[in-house]
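S.K.: Here is what each chain is made of, one letter per residue.
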Amino acid sequence: MAQYSETRSLISFAQLQRGRGKVIYWTLLITVLVVFTLVFIGPLYWMVTGALKSSPELAQTPPTLWPAEPQPENYTEAWDRLDLAKLLFNTVYYALGALAFQLVLDTAAAYALSKLRPRFGNIVLGAMLATLMIPAMVLIIPQYVTVIDLPILHISLIDSPFAIWLPAVANAFNIFLLKRFFDSIPEDLMSAATMDGAGSMRVLWSIILPISRPILGVVSIFAVTAVWKDFLWPKLVMPSPETRTISVGIYAFSGGTPQNVVVAAAVIAAIPTIIFFLIFQRSIMSGLTAGGLKE
Amino acid sequence: MAIATVPGAGIDVGSQAPPPAADPRRARRNRRIKENLTGYGFLAGAVLCFAFFSWYPMIRGIVMSFQRTRRGETTWVGWDNYDRIVNDPSFWTAWQNTLYFTVLALILGYAVPFFLAVLLNEFRHAKGYLRILVYLPVMLPPASALFLFKYLAYDPSDAGLFNAILKAVGLPTSQWMQSTDMTMPAMVLASTWMNMGGAVLIYLAALQNIPGELYEAAELDGAGIWRRITNVTIPQTRLILSLMAMLQVVATMQLFIEPLILANGAGTQDSATSVVYLIYQHGFFQNDLNGAAALGVIMLVALIGFSAVYARLNAKQD
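From first to last, the protein sequence lines are chains X and B. If you read the first sequence in the numbering used here, its first letter stands for residue 136, the second for the next number, and so on. If you read the second sequence in the numbering used here, its first letter stands for residue 21, the second for the next number, and so on.
Simulated from the structure, these hints should not be mistaken for laboratory data. Watch out, some of these pointers could steer you wrong.
[Claimed, not checked] In silico negatives: residues of chain B with every beta carbon more than 12 Å from chain X:
(1) Arg48
(2) Asn50
(3) Phe73
(4) Val97
(5) Arg104
(6) Val106
(7) Phe111
(8) Ile127
(9) Met202
(10) Ala271
(11) Ala314
(12) Ala335
[Claimed, not checked] A short, non-exhaustive set of chain X residues, derived as facing chain B with CB atoms under 10 Å:
(13) Val239
(14) His289
(15) Ile293
(16) Leu367
(17) Ala404
(18) Leu423
Predicted model, so just to flag it, every value in this text is computed and none were measured. Even glycine gets a Cβ: it sits at the ideal position worked out from N, Cα and C.
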């Protein structure tokens with residue numbers, strides 16, 4: 136990310152290196168660093184240590200900065216009582232399945248719309264993009280009704296992972312991102328392969344996909360985080376204790392469980408996402424801005 | 021470039037007599053049919069998913085808002101569902117709450133990220149660290165973050181983080197979710213903390229696209245920092261600013277998980293009930309999926325109306 140230093144922004148670089156400018160710059164920077172750390176890491180610290188406190192200590196005023204008698208057993212209790220291993224497994228399973236379905240079906244669709252361009256392809260694309268205008272929550276009831284009794288097939292997907300995987304494929308934003316990326320791949324590259332007798336599948340697999348790694352990464356991250364963060368939909372379609380996701384499971388248990396144990400469970404639910412973020416932060420943040428909003 | 025010849029070929033098929041022994045043309049047509057079929061094959065999976073889980077539910081939602089299903093029997097009931105939902109004692113409260121949340125979230129959640137992005141864009145150090153920090157809460161599962169707020173920050177006794185801080189600096193403490201006045205501001209605060217990171221990063225990307233010469237020229241003309249913000253930064257990012265405003269309004273109107281977790285749904289004296297919560301309530305607790313669908317349609321119409329007005333206002337400005 137070297138380009139920042141080249142173009143100037145609101146205040147010129149030179150001004151920030153001289154006397155008063157330099158003092159203000161460093162004061163401001165240090166203030167922001169401290170405030171940001173407090174505001175964004177502080178709550179996480181509070182959460183991790185809060186879950187270590189005993190129930191009486193949690194209700195004590197003023198609250199203690201560090202637990203007087205740390206109780207790591209709150210975490211083990213949360214793990215056992217909520218069956219977090221099962222809940223985590225479910226969530227990972229749904230997230231990876233949704234990822235696989237989206238990668239296969241959405242990539243194929245974007246490839247068809249971008250390169251094969253069958254007749255009426257634009258109408259299909261338009262109908263897909265139109266769904267972006269409909270807020271998800273507005274459709275929740277008819278979607279639920281559809282999932283309990285699929286039209287034509289008359290089967291119920293309740294408590295079946297397909298209730299999460301298949302609706303995840305109907306993601307116009309990801310198809311749009313993929314299509315836009317495929318559009319930028321020159322036709323010449325493909326026609327050379329077609330001359331050599333490669334079929335559409337082979338072109339997709341050997342030419343398009345290897346070039347498209349960055350966008351596939353972005354779409355994958357979106358797919359996984361969407362499932363991990365989703366709440367209402369999995370709550371509705373995965374009602375059994377055995378099939379719940381971790382967020383829904385914690386919510387379901389929060390009523391009759393001590394606060395410190397619920398918070399411990401919430402910490403455990405957050406850990407995978409934080410690790411995931413720290414590993415993929417570069418792609419996540421570039422993906423966010425590549426998301427069609429840059430121009 | 022087989023594709024470039026397609027439109028012509030398509031017209032020929034219908035309008036002209038079949039050419040005698042036009043082998044190359046027929047071959048081309050066959051190839052085109054085959055290409056079309058391959059294309060549909062690749063599209064099929066995604067199209068089926070859209071058909072079942074997006075397109076069909078849209079129609080189904082409208083249809084079922086005019087029906088009533090009782091003991092497995094479905095009848096047309098005209099506007100009955102709408103009538104019932106509009107007369108729900110919580111209907112107007114839910115809209116009021118939702119709009120109040122949206123407006124508060126706009127004031128806090130819209131201005132703050134832009135201001136932060138402008139500030140962060142000036143720093144030449146620790147950029148990566150600061151970006152990771154603002155985006156960190158976005159990655160947390162909302163349920164996790166909200167239990168943190170509920171149990172450890174918004175505790176109405178002085179054992180909660182916020183009251184402890186308020187007390188330490190000598191300000192009056194608050195009942196937070198127990199107080200009808202503070203319910204919404206408290207939800208906006210939690211929601212902004214959780215969601216702001218995305219907006220900050222998007223604004224940062226937009227700010228980096230502003231040509232440095234514009235600031236240079238403004239500075240030479242004697243414009244101070246504030247003038248440069250109003251005359252260069254804001255006009256140059258206007259498009260993204262207006263797009264984000266609309267996206268944010270549509271997102272905050274769908275308020276649901278904050279009231280559900282922080283306020284156990286309705287909150288003290290209905291102070292937290294949102295429109296989506298009311299949909300959920302009718303659909304899954306009052307066994308009234310049809311009424312819930314009707315409220316969904318009302319919400320859709322309201323949001324489309326808002327988007328249309330917004331688009332028109334925006335077009336007028338240009």
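S.K.: Hey, does Arg48(B) actually stay past 12 Å from chain X on C-beta?
M.R.: holds, 15 Å
S.K.: Check the non-interface label on Phe111(B): least C-beta distance to chain X beyond 12 Å or not.
M.R.: Per Cβ check, Phe111(B) is outside 12 Å of chain X; nearest 16 Å; holds.
S.K.: Is it correct that the beta-carbon of Ala314(B) has no partner in chain X closer than or equal to 12 Å?
M.R.: Given that some Cβ of chain X is not farther than 12 Å from that of Ala314(B), nearest at about 9 Å, it is violated.
S.K.: Determine whether the non-interface label on Ala271(B) survives the test: each CB of chain X must be over 12 Å from its CB.
M.R.: violated, 8 Å
S.K.: Is the Cβ of Arg104(B) more than 12 Å away from each Cβ in chain X?
M.R.: holds, 15 Å
S.K.: Using 10 Å as the Cβ threshold, decide whether Leu367(X) counts as touching chain B.
M.R.: Interface hint status for Leu367(X): holds (6 Å vs cutoff 10 Å).
S.K.: So is Met202(B) really clear of chain X, every C-beta pair being over 12 Å apart?
M.R.: About 18 Å separates Met202(B) from the closest Cβ of chain X, which puts it past 12 Å; holds.
S.K.: Is the nearest Cβ of chain X still more than 12 Å from the Cβ of Phe73(B)?
M.R.: Violated: least Cβ distance 4 Å, not greater than 12 Å.
S.K.: Is the nearest Cβ of chain X still more than 12 Å from the Cβ of Ile127(B)?
M.R.: Ile127(B) is indeed farther than 12 Å from all Cβ atoms of chain X, at 18 Å.
S.K.: Taking 10 Å as the limit, does the beta-carbon of Ala404(X) come near enough to a beta-carbon in chain B?
M.R.: Since the shortest Cβ distance to chain B is 5 Å, the answer is holds.
S.K.: Checking the smallest CB distance to chain X, is Ala335(B) really beyond 12 Å?
M.R.: holds, 17 Å
S.K.: Find the nearest Cβ of chain X to the Cβ of Val97(B) and say whether that gap is larger than 12 Å.
M.R.: Answer for Val97(B): holds, closest chain X Cβ roughly 16 Å.
Against the hints set out earlier in the document, violations occur for numbers 3, 10, 11, 14 and 15.
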